[in-house]
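Protein chains: 4
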Amino acid sequence: MNQPVRVTIWNEYRHELKNPAVREVYPDGIHQAIGSALPEHHTVTYALLDQEQHGLTEERLQETDVLLWWGHTAHGEVQEEIVERVYQRVLQGMGLIVLHSGHFSKIFKKLMGTSCDLKWRDVGEKERLWVVQPGHPIVRGIGEYIELPKEEMYGEHFDIPAPDELVFTSWFEGGEVFRSGCCWTRGKGRIFYFRPGHETFPTYYNTDVQRVIANAVDWAAPVGTAAPAYGNAKPLEELTI
Amino acid sequence: MNQPVRVTIWNEYRHELKNPAVREVYPDGIHQAIGSALPEHHTVTYALLDQEQHGLTEERLQETDVLLWWGHTAHGEVQEEIVERVYQRVLQGMGLIVLHSGHFSKIFKKLMGTSCDLKWRDVGEKERLWVVQPGHPIVRGIGEYIELPKEEMYGEHFDIPAPDELVFTSWFEGGEVFRSGCCWTRGKGRIFYFRPGHETFPTYYNTDVQRVIANAVDWAAPVGTAAPAYGNAKPLEELTI
Amino acid sequence: MNQPVRVTIWNEYRHELKNPAVREVYPDGIHQAIGSALPEHHTVTYALLDQEQHGLTEERLQETDVLLWWGHTAHGEVQEEIVERVYQRVLQGMGLIVLHSGHFSKIFKKLMGTSCDLKWRDVGEKERLWVVQPGHPIVRGIGEYIELPKEEMYGEHFDIPAPDELVFTSWFEGGEVFRSGCCWTRGKGRIFYFRPGHETFPTYYNTDVQRVIANAVDWAAPVGTAAPAYGNAKPLEELTI
Amino acid sequence: MNQPVRVTIWNEYRHELKNPAVREVYPDGIHQAIGSALPEHHTVTYALLDQEQHGLTEERLQETDVLLWWGHTAHGEVQEEIVERVYQRVLQGMGLIVLHSGHFSKIFKKLMGTSCDLKWRDVGEKERLWVVQPGHPIVRGIGEYIELPKEEMYGEHFDIPAPDELVFTSWFEGGEVFRSGCCWTRGKGRIFYFRPGHETFPTYYNTDVQRVIANAVDWAAPVGTAAPAYGNAKPLEELTI
Numbered sequence: 001m002n003q004p005v006r007v008t009i010w011n012e013y014r015h016e017l018k019n020p021a022v023r024e025v026y027p028d029g030i031h032q033a034i035g036s037a038l039p040e041h042h043t044v045t046y047a048l049l050d051q052e053q054h055g056l057t058e059e060r061l062q063e064t065d066v067l068l069w070w071g072h073t074a075h076g077e078v079q080e081e082i083v084e085r086v087y088q089r090v091l092q093g094m095g096l097i098v099l100h101s102g103h104f105s106k107i108f109k110k111l112m113g114t115s116c117d118l119k120w121r122d123v124g125e126k127e128r129l130w131v132v133q134p135g136h137p138i139v140r141g142i143g144e145y146i147e148l149p150k151e152e153m154y155g156e157h158f159d160i161p162a163p164d165e166l167v168f169t170s171w172f173e174g175g176e177v178f179r180s181g182c183c184w185t186r187g188k189g190r191i192f193y194f195r196p197g198h199e200t201f202p203t204y205y206n207t208d209v210q211r212v213i214a215n216a217v218d219w220a221a222p223v224g225t226a227a228p229a230y231g232n233a234k235p236l237e238e239l240t241i
Numbered sequence: 001m002n003q004p005v006r007v008t009i010w011n012e013y014r015h016e017l018k019n020p021a022v023r024e025v026y027p028d029g030i031h032q033a034i035g036s037a038l039p040e041h042h043t044v045t046y047a048l049l050d051q052e053q054h055g056l057t058e059e060r061l062q063e064t065d066v067l068l069w070w071g072h073t074a075h076g077e078v079q080e081e082i083v084e085r086v087y088q089r090v091l092q093g094m095g096l097i098v099l100h101s102g103h104f105s106k107i108f109k110k111l112m113g114t115s116c117d118l119k120w121r122d123v124g125e126k127e128r129l130w131v132v133q134p135g136h137p138i139v140r141g142i143g144e145y146i147e148l149p150k151e152e153m154y155g156e157h158f159d160i161p162a163p164d165e166l167v168f169t170s171w172f173e174g175g176e177v178f179r180s181g182c183c184w185t186r187g188k189g190r191i192f193y194f195r196p197g198h199e200t201f202p203t204y205y206n207t208d209v210q211r212v213i214a215n216a217v218d219w220a221a222p223v224g225t226a227a228p229a230y231g232n233a234k235p236l237e238e239l240t241i
Numbered sequence: 001m002n003q004p005v006r007v008t009i010w011n012e013y014r015h016e017l018k019n020p021a022v023r024e025v026y027p028d029g030i031h032q033a034i035g036s037a038l039p040e041h042h043t044v045t046y047a048l049l050d051q052e053q054h055g056l057t058e059e060r061l062q063e064t065d066v067l068l069w070w071g072h073t074a075h076g077e078v079q080e081e082i083v084e085r086v087y088q089r090v091l092q093g094m095g096l097i098v099l100h101s102g103h104f105s106k107i108f109k110k111l112m113g114t115s116c117d118l119k120w121r122d123v124g125e126k127e128r129l130w131v132v133q134p135g136h137p138i139v140r141g142i143g144e145y146i147e148l149p150k151e152e153m154y155g156e157h158f159d160i161p162a163p164d165e166l167v168f169t170s171w172f173e174g175g176e177v178f179r180s181g182c183c184w185t186r187g188k189g190r191i192f193y194f195r196p197g198h199e200t201f202p203t204y205y206n207t208d209v210q211r212v213i214a215n216a217v218d219w220a221a222p223v224g225t226a227a228p229a230y231g232n233a234k235p236l237e238e239l240t241i
Numbered sequence: 001m002n003q004p005v006r007v008t009i010w011n012e013y014r015h016e017l018k019n020p021a022v023r024e025v026y027p028d029g030i031h032q033a034i035g036s037a038l039p040e041h042h043t044v045t046y047a048l049l050d051q052e053q054h055g056l057t058e059e060r061l062q063e064t065d066v067l068l069w070w071g072h073t074a075h076g077e078v079q080e081e082i083v084e085r086v087y088q089r090v091l092q093g094m095g096l097i098v099l100h101s102g103h104f105s106k107i108f109k110k111l112m113g114t115s116c117d118l119k120w121r122d123v124g125e126k127e128r129l130w131v132v133q134p135g136h137p138i139v140r141g142i143g144e145y146i147e148l149p150k151e152e153m154y155g156e157h158f159d160i161p162a163p164d165e166l167v168f169t170s171w172f173e174g175g176e177v178f179r180s181g182c183c184w185t186r187g188k189g190r191i192f193y194f195r196p197g198h199e200t201f202p203t204y205y206n207t208d209v210q211r212v213i214a215n216a217v218d219w220a221a222p223v224g225t226a227a228p229a230y231g232n233a234k235p236l237e238e239l240t241i
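Protein chains in written order, with this note's numbering: chain W, 1 to 241; chain X, 1 to 241; chain E, 1 to 241; chain P, 1 to 241.
If we strip away everything but chain W, and leave its shape as in the complex, we get (with noise of 0.2 Å):
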């Protein structure tokens, strides 16, 4: 019953290449993990880092209704132009779902509008994301929480503008919270920051982690809505002037 939805997932893909530990977990690469989980209304396209223009040409953007964004070692190695790019098809109202280090790259800074910053620690600690907006399509399938044994911990304060929706609060082992699952708007286009995610750890195949970015993918799909018209206008009423 679900609507089709045109979902292109974008890679850095280094980890994955050059760290056997991060290979023998996502052995096909974190983007295929993630698109072998989606339901089958979606219609996935994969983008990687090393391939031209990043995989994310003009066309290919054109032709995607939510895009996804992992990346982490090398946030500084995408050409501003593709940036740019990315960033007009979301306000024209392609939605974007950020996942885990994803937060630090250039298109999540540029929408945000702040540092991005955070804290954070690598030890694989146990991590537990409360839902504290029980009713939103994003938590659609989940239970109160979802646990997650072993991830890296990123604690507050996160340096984001005030979330227009907050989904999900995380506890971590060490001491720490998080908001780990943020919604916001910018133009026409929906965005959907997802916490969990670091490439040492299994989390792309933990059920409630699919669903939940399954969810956003629905939740951030454009609608078809007009767009607005800028610049000078004409008055729509007769002026006294």
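The reader is advised that the hints may include incorrect statements.
Note that the list lumps identical chains together, so a pair holds whenever it fits in one copy or between two copies.
As a list, the in silico DSSO-like pairs of lysine-lysine whose alpha-carbon atoms are at most 27 Å apart [claimed, not checked]:
id, residue 1, residue 2
1, 234, 110
2, 109, 234
3, 234, 150
4, 126, 150
5, 150, 110
6, 110, 126
7, 18, 106
8, 18, 150
9, 234, 126
These aren't lab readings, by the way, just hints derived from the structure by calculation.
For chain W, the structure is supplied; the task is to place chains X, E and P on it using the hints.
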């Protein structure tokens, strides 16, 4: 492709019976005018003030995904018990769409926690509802604004909590503005207030108004998320006390 | 350099009289512990449940800029008439600071429009309140977090409307999180909910907790803005009807 | 009784020098008209585009609590380095008040993460700014609305992130509305956008406009809160890994 939604349209249904001028505009009642325009995937039932339990039995509400509310002259006659019943269903996830003079209904005031007061003037002046969140699902298929040649004026200050999402803002010929399309979540339930719809004007035959109501029904429909557990809770982690 | 503020601290004052363990911690009542710690520019008055009109006469409320509310065991004994009186004063601009178990008070539930329900556990575990909006006036003088060695746990889901501003989020030793410092506006009045303060723990002697309460009083104090006019309104522009 | 605030007013200062019609309205520049009207507890400094470093040296910004920004015709001439410097200061807590055509300044677009585009018409029509949050400190001393007999029109859709607080909404004679007083927080800094102030009209001599700007300066002034620590963090609790 849309999910089926069970809609109950509640109408006070007094103006139509007592006032020939209103009956001429809405011969079968405002509820019928609204219900007839809903799309096929909406299953519509009507409930009226003068029915037993105002037509809102426990069974009826359990079988309602989204409730629409039109009332004006008889807010005081709605029994507290029924208000409480609707309130509980909203917190459990039923969507609620409050129309026009429903701003002063008991159920809306109870859910808002404010007076819901406003300015008004009933002379039949021009209203133009501007879209201020153009990517929102409630404005699918709507242009930059909706123009209504004759409506009652509602003006700021509208004493409501700041909306979670502001979708429409109205311009009135007489010089006022109004936040005329507002979204909130209460418990698991989604609420949309939509301003237009005075009983003496054919507003509910306007195809844009009809489309907004249909969109709002889809937006407010519950998404099948888990109910939170409340009360005493055992620890999830070992305590060192 | 601060503006003088007239503060009324309302306390149920039952635990302290009936339970020796509580009396030992707060021999003069929770209200006195809170009031004694407020700065010089706050003029403090106390009001108690068992006083006539619960100490909240019309005159007392008219002379109150900010009302603090601590209640727990006797929410049901607060008369509807007094709740309505406090409610009207909040809409008119009086600040309201609701403490700890006051989440279930009649006045808070009426202003929120939700059940205000939550998870709880009273074993005296560690709470760490993280600042999530570090530039907010309510956290002036506070570090990155406040740590309380023993507190009652309150856990999500907390059934409140999404706060206009979220200032604190708590981590609990037993595995839960909680939105523990939340701001709303209702009418002209500012409301702050602050979670800690169980009667069996010396939380109100913690200097950070005291500072947050003092800051919240300054933040919630009315600013002398105009009262909106409601009801029938003449047009400000010539109508062409 | 107010806290002293160090204000820097930045002005492009081109229209006044080149256009006799503007010079007649603002013979000493828009910045002087604004600065002269600020109250005694505001210490005012001016900074101009054509000064070295646009008058915004690191030292000047470090000694600025709140920066006002008026620009229009020369947004493109503002150096990226200075934009970055102002941006960092806002995240650290400096208040920023963006006036009128400053909506298209580099600094505002960078902080918003959107195009900040809008409709406009420069014929000198009537604007009425309605207060939609009547208890807000920015409207202290203001009535229900501010009326300006001749202003440039700005109309929705205004492509900004949903404001954290919406204080004013404008009605325009020609049929448009506009969110004309908007608050956001970015990092520790508070931002206020205030719409009126076209260079050919004497808007900055209007006492209500002056009062709003003065109130906004007080509201945006930093409150001396702690700077969060970012980066790698040791656990606060013993880990069981």
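Hints versus structure:
| no. | hint | result |
| --- | --- | --- |
| 1 | 234 x 110 | neither (33 Å within a copy, 29 Å between copies) |
| 2 | 109 x 234 | between (36 Å within a copy, 26 Å between copies) |
| 3 | 234 x 150 | between (59 Å within a copy, 16 Å between copies) |
| 4 | 126 x 150 | both (5 Å within a copy, 22 Å between copies) |
| 5 | 150 x 110 | neither (30 Å within a copy, 36 Å between copies) |
| 6 | 110 x 126 | neither (31 Å within a copy, 36 Å between copies) |
| 7 | 18 x 106 | within (23 Å within a copy, 39 Å between copies) |
| 8 | 18 x 150 | within (22 Å within a copy, 47 Å between copies) |
| 9 | 234 x 126 | between (59 Å within a copy, 15 Å between copies) |
Violated hints, listed in ascending order, are 1, 5, 6; each of the other numbered hints is respected by the structure.
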